[in-house]
Structure formats: C-alpha cells, structure tokens
Amino acid sequence: MSAPPATSRWGWAIIKKGNWAPAFAGATFLVVAATLAGAGVADGPVIKIERGEACVAPTDEMRRNHMRMLFHQRDRTMREGIRATRFSLKGCVDCHASAKTGSVLGEEGFCSSCHAYASVKIDCFECHTPMRQAGFTSRP
Amino acid sequence: MASVQYREIEGRSRGFFVILMTLGIFITAGLAAAWAMEHEGHVITGMTNRIVWGTPHVFAVFLIVAASGALNVASVASVFGRELYKPLARLSGLLALALLAGGLAVLVLDLGRPDRLIVAMTHYNFKSIFAWNIFLYTGFFAVVALYLWTMLERRMNGYTVRAGVLAFLWRLVLTTGTGSIFGFLVAREPYNSALLAPLFIVMSFAFGTAAFVLVLMAACRWSGRALGDALLARLGNLLGIFVAAVLYFVAVHHLTNLYIARQLELERFLLLDGGIYTWLFWIGQVLVGGLVPLVLVFAARGRGALAAAAACVIAGGLAQLYVIIIGGQAYPQSIFPGKDLSSSFFDGVVASYAPSLPEVALGVGGVGLAAALTVLGLKVLPFLPRSLADDEPAKA
Amino acid sequence: MNPERRQLLGWSVAAAAGAALAPGLRLVELALARSPEEAASALQRWGLLIDVAKCADCDECVTACRDENGWTGLGRPATDAQWIRKVSLRDRATGHVQTLPLMCQHCEHPPCVDVCPTGASFRRADGIVLVDKHTCIGCRYCVMACPFGARSFIHEPVSGQKPDVPRGKGTVESCTLCVHRVDRGERPACVEACNRDGRKAMLFGDLNDSSSEIHRRVRTEPSTALRPDLALNPGVRYQHL
Numbered sequence: 001m002s003a004p005p006a007t008s009r010w011g012w013a014i015i016k017k018g019n020w021a022p023a024f025a026g027a028t029f030l031v032v033a034a035t036l037a038g039a040g041v042a043d044g045p046v047i048k049i050e051r052g053e054a055c056v057a058p059t060d061e062m063r064r065n066h067m068r069m070l071f072h073q074r075d076r077t078m079r080e081g082i083r084a085t086r087f088s089l090k091g092c093v094d095c096h097a098s099a100k101t102g103s104v105l106g107e108e109g110f111c112s113s114c115h116a117y118a119s120v121k122i123d124c125f126e127c128h129t130p131m132r133q134a135g136f137t138s139r140p
Numbered sequence: 001m002a003s004v005q006y007r008e009i010e011g012r013s014r015g016f017f018v019i020l021m022t023l024g025i026f027i028t029a030g031l032a033a034a035w036a037m038e039h040e041g042h043v044i045t046g047m048t049n050r051i052v053w054g055t056p057h058v059f060a061v062f063l064i065v066a067a068s069g070a071l072n073v074a075s076v077a078s079v080f081g082r083e084l085y086k087p088l089a090r091l092s093g094l095l096a097l098a099l100l101a102g103g104l105a106v107l108v109l110d111l112g113r114p115d116r117l118i119v120a121m122t123h124y125n126f127k128s129i130f131a132w133n134i135f136l137y138t139g140f141f142a143v144v145a146l147y148l149w150t151m152l153e154r155r156m157n158g159y160t161v162r163a164g165v166l167a168f169l170w171r172l173v174l175t176t177g178t179g180s181i182f183g184f185l186v187a188r189e190p191y192n193s194a195l196l197a198p199l200f201i202v203m204s205f206a207f208g209t210a211a212f213v214l215v216l217m218a219a220c221r222w223s224g225r226a227l228g229d230a231l232l233a234r235l236g237n238l239l240g241i242f243v244a245a246v247l248y249f250v251a252v253h254h255l256t257n258l259y260i261a262r263q264l265e266l267e268r269f270l271l272l273d274g275g276i277y278t279w280l281f282w283i284g285q286v287l288v289g290g291l292v293p294l295v296l297v298f299a300a301r302g303r304g305a306l307a308a309a310a311a312c313v314i315a316g317g318l319a320q321l322y323v324i325i326i327g328g329q330a331y332p333q334s335i336f337p338g339k340d341l342s343s344s345f346f347d348g349v350v351a352s353y354a355p356s357l358p359e360v361a362l363g364v365g366g367v368g369l370a371a372a373l374t375v376l377g378l379k380v381l382p383f384l385p386r387s388l389a390d391d392e393p394a395k396a
Numbered sequence: 001m002n003p004e005r006r007q008l009l010g011w012s013v014a015a016a017a018g019a020a021l022a023p024g025l026r027l028v029e030l031a032l033a034r035s036p037e038e039a040a041s042a043l044q045r046w047g048l049l050i051d052v053a054k055c056a057d058c059d060e061c062v063t064a065c066r067d068e069n070g071w072t073g074l075g076r077p078a079t080d081a082q083w084i085r086k087v088s089l090r091d092r093a094t095g096h097v098q099t100l101p102l103m104c105q106h107c108e109h110p111p112c113v114d115v116c117p118t119g120a121s122f123r124r125a126d127g128i129v130l131v132d133k134h135t136c137i138g139c140r141y142c143v144m145a146c147p148f149g150a151r152s153f154i155h156e157p158v159s160g161q162k163p164d165v166p167r168g169k170g171t172v173e174s175c176t177l178c179v180h181r182v183d184r185g186e187r188p189a190c191v192e193a194c195n196r197d198g199r200k201a202m203l204f205g206d207l208n209d210s211s212s213e214i215h216r217r218v219r220t221e222p223s224t225a226l227r228p229d230l231a232l233n234p235g236v237r238y239q240h241l
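Residue numbers (our numbering), protein chains in the order written: chain A, 1 to 140; chain B, 1 to 396; chain C, 1 to 241.
To be clear, the hints were calculated from the coordinates, so they are not data collected in a lab. A quick note: this is a predicted structure, and the numbers were derived from the prediction, not measured. C-beta: ideal position from N, C-alpha, C; glycine also. Just to be clear, a hint being listed does not mean it is correct.
Said to hold, decoys possible - Covered stretches of chain C, going by a simulated chain B footprint (3 or more residues, C-beta under 8 Å):
(1) 80-87
(2) 107-118
(3) 128-139
Let's have the full structure, built from the sequences with the hints guiding it.
This is the structure we're talking about:
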C-alpha cells in the first residue's frame with residue numbers, strides 16, 4: 001500500500017480512503033441527536049384523561065392492543081353491520097377528545113400526541129371526524 | 001453455432017451522463033407530480049368524476065402493453081427457434097422489464113391512496129381482473145428475470161427454451177388480462193367486447209417491436225456497435241405485419257359495431273363527430289400509427305424509414321389508447337336507452353377533458369423511468385452483443 | 001320399544017320441531033328492528049320503490065342526502081361528489097319528459113363489487129352495497145364499471161365529516177342507503193324528506209318482508225329496474241318510467 005497522503009494528523013480520519021464510514025456514521029449521529037434535542041420530543045406525549053372513570057379495557061391492554069381492537073371492530077361494523085357502542089370509534093372520540101378543542105387531534109390531542117411521539121402515522125382521521133359529538137353517549 | 005459475445009456498454013461518455021441527467025429530470029418531474037396529487041388530491045389534475053382514468057393511464061397502459069410486446073423478439077428466438085434473433089433476446093428481456101416497471105410506477109402513483117399498496121398486495125378479490133393482473137405483473141418480473149438468468153448464466157443456457165416458453169405464455173395471459181380490464185366492463189358500450197383482449201395482444205406486438213427497434217438502434221449507434229441492415233429489415237417486416245394486424249382488429253371491431261343499431265351512435269361519435277377523439281382516431285391511430293408505418297416499412301425501406309416507422313407506431317399507439325381510454329369515458333353511458341338525459345352530474349353529454357401538467361409529467365416520468373432502467377441495465381450487465389453486423393457467422 | 005329408545009325418539013322429534021320452527025321465530029324477530037349488536041342478515045333485503053309519476057321538479061331528496069351525509073359541494077361540479085342526483089329524461093321517440101332521482105341501485109349482482117381488486121366494494125348480507133374505505137385504494141375501477149354512474153371519487157381533502165359518515169380524499173363513495181340510519185331502524189334521509197316535504201314518491205322497506213308495504217306494492221303493481229338487460233336485479237325499482 002502506498003504512503004498515506006500528506007494531510008494534517010487531525011484530518012486523517014475523514015480524508016483517508018476507506019475511513020469514510022465511521023465519519024459518516026458520526027455525522028449522522030450528531031445530526032439526529034441535534035434534531036431530537038431541538039424538537040423536544042424527548043419530553044413525552046401529553047395524555048389528559050378528562051372524562052369517564054375507566055376505558056373499555058385496562059390501560060396496559062389498551063396501550064398494547066388498541067390498534068388490533070380498532071382493526072377488528074371496524075370490520076365487524078363495516079362488513080357485518082355490528083355497531084356495538086362499547087368499542088366504536090365514536091365512543092373513543094367522545095371520551096378522549098380534549099375538553100379545550102373538542103378533538104383528538106391537534107393541540108393536546110389524545111391520539112395525535114402519542115402518535116407524534118411514537119412517530120406512527122395514523123390513517124383514521126383522514127375519513128373519520130376527530131371531533132366529539134354533542135348528544136352522543138358512549139357506554140363504558 | 002459460433003458463440004455471440006456480449007458486452008456491457010462503456011457508460012463513461014459525456015453523452016451517457018447527459019442521457020441519464022435528462023431522464024432524471026423527467027423522473028423527478030413525475031415524482032413531484034405524484035407528490036402533489038397525493039397531497040392535494042386529484043382535483044389538481046384534469047380528471048373528473050366522468051373521466052376517472054386520464055393521461056397517466058394512457059401512458060401506463062401503453063408502457064405495460066409495450067412491455068409485453070418487447071419480449072416478443074426474445075420469444076421469436078427462444079420459442080420459435082429463429083437463430084437470427086437470438087443475439088437480441090437479452091436486450092428484449094431487459095426492455096420488457098424496464099417498460100413494465102415504468103408503467104406500473106405510473107399506475108401505482110396515480111392511485112387515490114398509493115400509501116395502500118400493501119393493502120392491494122394483501123387483500124384480493126379474485127373475481128376482479130385487476131387482482132389477477134397484480135399477480136400477472138409481479139409474476140412477469142420473476143419469469144422474465146428467470147429467463148434472462150438462463151441466458152446470462154452460461155450453465156443455465158440449456159434451460160433458455162423452457163424459460164422462454166413460460167415467459168411467452170405468461171405474457172399472453174398478462175396482455176389478455178390487460179385488455180380484459182376494459183373488455184369486462186359490461187356497462188360501457190365502447191368497451192363491452194371480447195375483442196379487446198386479442199386487440200391488446202396484437203397492439204402489444206406492434207408497440208413492443210417498435211420500442212425495441214428504437215432502443216436497439218439507439219443503443220448500437222451510441223455505443224459504436226455495428227448493426228446489420230438485413231437484421232433491421234427483418235425487424236421492420238415484423239413491425240409491418242403487426243401494424244397490419246392491429247389495423248385488421250380495429251376494422252373488425254368498428255365494422256361489427258356499425259352493424260349493431262344500439263352501437264351506431266357510439267360509432268358516429270368515434271368516427272365522425274367526436275371532435276378530438278375523431279381526429280386522434282383517423283389521423284393519429286389509423287394514419288400515423290397504421291398506414292404511414294406500413295408504407296415506410298414495405299415501400300420506403302432503409303434504416304431512417306424504419307426508425308421513423310417505429311416512432312410513428314408509438315405515436316399512433318398513444319393516440320389509440322387515448323381514444324380507447326379517454327374517448328371511451330367521454331362518451332355518455334346509456335342508463336336509459338332511448339331517452340335523452342341531463343343532470344347535475346353531467347349525464348347524457350360528452351364529458352370534456354383536457355390533459356393537465358401533473359398528469360403529463362407523471363406519464364412522461366414513467367417513460368423516463370423505463371428508459372433509465374434500460375440504460376442502467378445496459379451499463380451493468382452484458383445485454384448487448386459486441387456486434388450485430390450482418391456478416392457475423394452467428395447470423396447465418 | 002324400550003324406554004331408552006322412546007326417550008331418544010322423543011328428543012329427536014323435539015329437536016326436529018325446534019329446527020323447523022326456529023327460522024319462523026327468527027323472521028318474526030327481524031320484522032321488528034335489528035338490534036345494533038346483531039349482524040346484518042340475508043333474510044332482509046332493503047329496497048327502494050320510486051314512483052316517477054309523482055316525482056316533479058323538487059329536489060328535497062338531494063338536499064336531504066347532502067345534509068345527512070355531508071357531501072356539500074365545493075363549487076366544482078366536475079369533481080364534487082354526488083351521491084344522488086335528479087335526472088331529466090326526454091323520450092327520443094315521443095318527446096315525453098320525466099324527472100327522477102338516481103343513486104346507487106344496490107344491485108344483487110353489482111359490477112362494482114366484481115371489479116374491485118381489494119374487495120373494498122362489497123355487498124352487505126342485507127343487500128346494501130358499500131365501499132369499505134379502510135381497504136379502498138382509489139383505483140376507480142368501480143367508477144368505470146358502474147352502469148349508473150353512481151360512484152364518486154373524492155378529489156380533494158375532506159374535513160368536517162358527519163360522525164356517522166366517514167369520507168376521505170382518495171377513496172370512492174356512493175349512496176349507502178343511509179346504512180347508519182337503517183341500522184337504527186330509520187328510513188334513508190331522501191325517503192324521509194320526500195315523504196315529509198316532497199311528493200311522496202319514494203318508499204323504503206324490506207323487500208323480503210311479506211308484511212311490508214314495499215313488498216306488497218312490487219308484487220301487485222308494475223315496476224322496472226334500470227338497465228334490465230344487464231340482469232343485475234337492483235334493490236331500487238322505478239314505477240311509471
């Protein structure tokens with residue numbers, strides 16, 4: 001192998017051929033860390049439970065399985081016409097919508113706050129309204 | 001048989017990078033159009049509730065049909081045993097894959113919910129020809145890749161014929177499926193016909209051969225490879241026969257419609273007073289896409305004439321698909337036979353449509369993608385023979 | 001006959017009688033409203049009967065549908081959704097003029113269901129044809145396939161949806177026969193409005209229920225389906241067309 005190029009001893013890690021990988025990884029790490037710190041996402045989601053005494057299932061189960069429950073229930077409602085209000089999306093929104101905005105999205109939105117933190121995009125409210133409806137009573 | 005030597009293109013000249021940069025611009029424009037359509041909705045395009053399939057679909061269907069036809073040269077070599085075309089088989093397979101990729105990219109990006117592609121690949125309604133097409137298109141990639149592998153890998157050369165037969169049969173089913181997308185639409189007079197599937201098969205022969213001829217001539221010229229006149233003349237003959245076949249099917253389709261009293265108004269619309277659609281039919285499809293190439297190929301002869309004929313076939317093909325896809329939707333549906341109707345939903349009138357910039361950008365982006373994949377493929381693997389001159393022993 | 005065999009025979013007869021009677025019991029239950037926790041059943045078939053002779057220039061049905069389902073126009077008629085529309089007809093031979101409402105015909109053999117690649121367009125057991133927006137990829141093949149132009153594609157972002165009627169950009173939609181109302185035992189909004197403020201031209205009911213008015217009327221009075229040559233057997237029928 002030929003002699004290394006004449007560069008400063010501090011520049012060798014980046015300029016020397018074949019050593020770009022660690023430099024690249026280091027730069028990426030710095031960029032990502034800075035972004036995360038700047039975004040303040042490390043603070044965590046805002047979860048305000050303003051209504052009701054308990055959810056339709058224990059908190060642990062809801063945290064792990066609410067998406068599976070929603071997928072299952074939506075097929076039962078859509079395909080078979082089963083509209084049990086206990087697991088309906090309207091019921092979830094009715095309880096969890098923010099008292100201030102009346103919505104589960106946006107500022108202090110119950111759904112959006114957690115999902116933004118976890119960086120999982122949700123599709124539901126492309127079609128479903130995120131607003132609590134007056135006169136709707138959800139059964140616990 | 002003297003073995004043919006294949007070599008990648010050098011791909012280091014300025015021209016090579018200029019081509020890739022240009023194609024890159026088209027692809028970027030297409031992606032930008034898709035992004036805008038996805039975010040703001042299809043309202044930014046010219047498509048409406050009466051014309052739901054527009055310019056992107058014209059390009060996409062053209063690319064998909066041409067993809068299936070581009071494999072034709074390889075099939076003639078492997079399935080029908082014509083030695084003359086064997087050196088062209090690899091390029092034929094590459095072009096087929098690239099064109100299909102371009103067409104599918106346009107189709108997927110035009111979906112209302114392109115983010116649901118995974119849903120489309122996991123939920124199937126097997127009564128829908130669309131669902132079958134998803135398998136046929138993805139399977140085509142696998143089958144042609146396998147076919148190319150048997151050609152590129154010396155130890156697998158013994159399996160080339162079998163792989164070629166599989167690819168040939170697969171593409172016939174695929175093109176039948178593409179034509180049947182329209183042919184199965186019972187409710188629309190312009191489509192409701194079993195003739196559409198075989199029409200699409202012969203269209204694929206014509207468009208695919210035209211695309212192949214242009215790519216072959218360009219690739220050989222720009223990489224400094226010899227390309228024999230006799231070989232090109234044979235390809236030209238093939239092109240001419242396929243163009244004639246398309247004209248035949250179109251003639252039969254319309255003549256039959258003219259006999260059916262119920263279809264008479266549709267024929268008057270397409271052939272006489274459909275405005276842009278009538279122009280595109282007679283001038284674009286029949287003249288430029290049919291008669292002119294026939295004259296160029298059989299009377300004029302020569303490389304320039306062949307290239308012009310191929311370009312005309314492609315232009316005519318786009319015109320034909322525009323008339324089929326968009327003209328077919330513009331013509332009002334006959335919900336109440338024997339009555340004139342009008343409504344707030346544009347029933348009973350010829351729907352107006354004009355291609356919009358996002359649609360054209362998306363369609364052209366697909367063409368750019370197909371071309372870019374071909375160029376990159378030629379650079380990466382040995383698809384082109386070192387020489388296609390007529391006096392090579394392999395051409396005997 | 002020994003006691004065990006007698007007992008077995010007795011139980012068998014009881015079981016057979018129960019099996020024979022049970023469908024009848026079920027029918028009686030269903031004639032009264034289906035409860036929300038129950039699945040839709042093929043024993044019911046929802047339908048509409050529209051008397052075109054009574055229909056005139058009013059468009060209460062369209063306004064009611066718009067208000068109920070939230071598809072208010074955005075001033076772009078070419079791309080705005082329309083679940084129901086009034087169609088004016090003029091007979092080419094006689095010049096006779098009529099007007100009628102046209103919406104999804106809820107066919108028994110829907111072409112839109114046949115062509116949907118993901119199965120998002122489907123027919124519920126009780127005859128209502130719907131689009132499952134969770135699975136719709138927005139390919140618009142169903143719009144091409146529908147003989148009646150009943151389907152609309154949503155071309156723009158949607159907001160302010162009605163809670164019972166989710167709708168979103170990039171999917172396809174059409175008349176749902178107000179399935180959210182039907183499941184509560186109510187009539188579709190268009191029928192309600194026509195009978196309240198309009199010409200009383202529309203009738204809704206269970207075509208399979210021999211005690212319903214719609215069943216009686218389609219049996220005793222002439223009515224037609226649109227495009228009968230396509231043999232789709234729609235749930236929507238028209239009289240005096």
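Cross-check of the supplied hints:
1. 80-87: Result for this restraint: holds, n = 6.
2. 107-118: Check passed, 7 qualifying residues.
3. 128-139: Coverage by chain B holds for the stretch 128-139 of chain C (5 residues, Cβ < 8 Å).
Every hint, counting from the list given before, is met by this structure.
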